[in-house]
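Visitor: Sequence:
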Amino acid sequence: MQGDFITRIRSSYNQLTKAEKKVADYILANPKDVLFMSITDLAEACDVGDTSVFRFCKTMELKGYQEFKMMLSLSISEGQGELDQFTGNNISLDDSFGELAKKVLNTNINALTETYSLIREEDFSQAIDMLHKARRIFFFGVGASMLTAMKAMNKFLRIENKVFGIQDTHMQAMAAATMSGEDVAVMFSYSGATKDTIHVAEVAKKAGARIICVTRFVKSPLRAYADIVLLSGANEGPLQGGSTSAEISQLFLVDLLYMEYYRRYFERCSRNNEKTSASVLEKLC
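Sequential numbering from 37 applies to the sequence shown in this note's numbering.
Just to be clear, a hint being listed does not mean it is correct.
Claimed, not checked - Restraint ranges, calculated between C-beta atoms of paired labels, are given here: (1) Ile145 <-> Lys68: 53 to 59 angstroms; (2) Lys198 <-> Arg46: 51 to 57 angstroms; (3) Glu303 <-> Met207: 30 to 36 angstroms; (4) Thr312 <-> Lys54: 57 to 63 angstroms; (5) Lys68 <-> Ser48: 16 to 22 angstroms; (6) Gly244 <-> Glu97: 40 to 46 angstroms.
Honestly, the hints are just simulated from the structure, not real lab data. For glycine and all other residues, C-beta sits at the position ideal for the given N, C-alpha and C.
Make a model of the complete structure from these sequences and hints.
Guide: What follows is the structure, given as structure tokens:
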């Protein structure tokens with residue numbers, strides 16, 4: 037039994053500092069909106085610093101911002117259906133399979149549509165230039181975002197011989213430390229607040245590498261290290277880690293990067309694609 041977290045905030049209100057009360061006031065007034073905000077977004081909305089939001093979480097006896105959002109989601113979801121807190125899509129236990137399929141379809145379509153609306157051609161053009169000029173390209177991510185990073189590496193490996201993908205986070209940090217100003221790191225993180233990803237970005241930036249960040253939030257801790265930010269449009273609740281809609285929105289951006297890179301450097305990419313396709317031809321039935 038998680039208890040009613042919103043009630044806990046109200047009951048602890050008098051113990052909060054002035055800055056923490058600003059955070060509490062905003063949360064109590066906009067609980068559903070907060071579920072889809074980064075820690076930086078919330079801090080800016082409350083006109084306080086990130087550290088004030090973090091201290092608020094500690095005052096509420098939580099480990100950090102992600103646990104806070106999880107507890108808030110559980111509190112909001114009470115009485116809204118057992119599935120809703122895990123999907124965020126108003127899916128009900130009483131839905132027919134047809135209704136379920138339609139809701140899942142609409143969620144994924146909305147994620148793609150919003151991602152498309154967030155595209156800035158100038159950013160993509162600069163990202164393609166960075167990838168082309170790079171001596172080496174590393175794709176980094178953790179958890180579900182690591183799967184997207186590996187998919188991106190797999191696609192680009194067909195047309196470029198300078199791409200790398202590493203799954204272990206310690207080895208990611210080691211690779212980042214050996215990067216230089218001639219290298220590019222493409223970082224995937226839905227929240228932009230994953231500690232391991234931020235650490236790798238910090239190490240890569242210190243080494244002089246250029247960084248492209250694929251994330252949901254334009255304002256997040258990871259943004260501080262990014263040269264270019266490409267935004268995905270899916271809303272993922274605190275209990276939806278690795279949601280398909282979030283992955284689909286990131287993969288859409290990967291496809292767009294890949295196709296534009298292929299189109300812009302068509303002759304080189306075509307030759308490499310022929311070579312890599314021929315290399316595995318005998319392995320296909």
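Visitor: Please name the hints from earlier in the document that this structure breaks, with their numbers sorted from lowest to highest.
Guide: 1
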